[in-house]
Amino acid sequence: STHFSSSPSSSSPSSSPLSHARSPSPPPLPPQPTSAQPLCPTSSPLGSFAPPPSIPPYLSLYESVKVPPKNKKKRPIDPSCPVQINIIDVRRDLFVLLLEYFYSGDIRERVDKKGLIDLIYCGVGLELPDFVQLCATRLMMENNPLATTNAVTIHRMAKRMKLHSLQKVAYDFILEHFDTLHSTQRSQLTSVQIKGVRKVLWEKALQ
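In the numbering used here, the protein residues as written are 472 to 678.
By construction, these hints were calculated from the structure, which means they are not laboratory data. None of the values given here were measured: they were computed from a predicted structure. Honestly, I wouldn't trust all of these hints.
To be verified - For lysine-lysine, the following BS3-like pairs were computed, each having C-alpha atoms within a straight-line distance of at most 30 Å: (1) Lys584 x Lys639; (2) Lys585 x Lys630; (3) Lys630 x Lys584; (4) Lys633 x Lys584; (5) Lys585 x Lys633; (6) Lys639 x Lys585.
Based on the sequences and whatever the hints tell you, model everything.
This is the structure in structure tokens:
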């Protein structure tokens with residue numbers, strides 16, 4: 472008679488084909504920091520230290536952001552304390568008129584001839600052509616707006632700023648008072664201006 476015997480290893484689960492297809496076990500997790508182990512230790516010339524718990528461990532000491540205190544009050548502005556702003560080459564009274572022009576587009580106060588001439592110089596320095604035109608128009612409305620002390624300078628400035636009306640007024644004044652200007656302000660009159668004025672005077676004398 473034939474005897475069949477079964478081995479225990481053939482019926483055990485370890486000998487099945489599926490037992491060799493099992494995935495390997497995952498690697499163990501790194502140890503988590505505890506209270507005894509410092510967070511994000513940092514070395515410095517002074518030794519080893521760790522940031523306080525309020526700073527995230529991924530921020531270094533040089534990347535930490537300084538947060539201002541929550542209850543810090545801002546210093547109130549004292550309205551009685553004046554704020555002084557110095558503007559070079561502009562008098563206070565002229566600057567007040569300039570501010571009035573900025574807000575209203577006009578100069579409502581009465582300004583004398585000297586003040587208008589100073590405002591023209593101020594507008595030229597600040598590159599305000601509309602303001603210069605306004606002051607030039609007001610100046611030409613005055614009686615005897617020019618003088619022998621400023622006619623040549625105003626004529627030169629009006630020519631540069633293309634204020635043709637004021638330029639003509641200044642030029643006519645120079646023609647009328649050429650002898651006085653030539654004797655007192657010859658250094659300001661260039662040779663071209665002298666020749667031009669003399670030519671006009673000669674043409675008027677021939678008429």
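Structure-based check of each hint:
no., hint, result
1, Lys584 x Lys639, "17 Å, holds"
2, Lys585 x Lys630, "19 Å, holds"
3, Lys630 x Lys584, "19 Å, holds"
4, Lys633 x Lys584, "20 Å, holds"
5, Lys585 x Lys633, "21 Å, holds"
6, Lys639 x Lys585, "19 Å, holds"
Every hint from the earlier list agrees with this structure, and none is contradicted.
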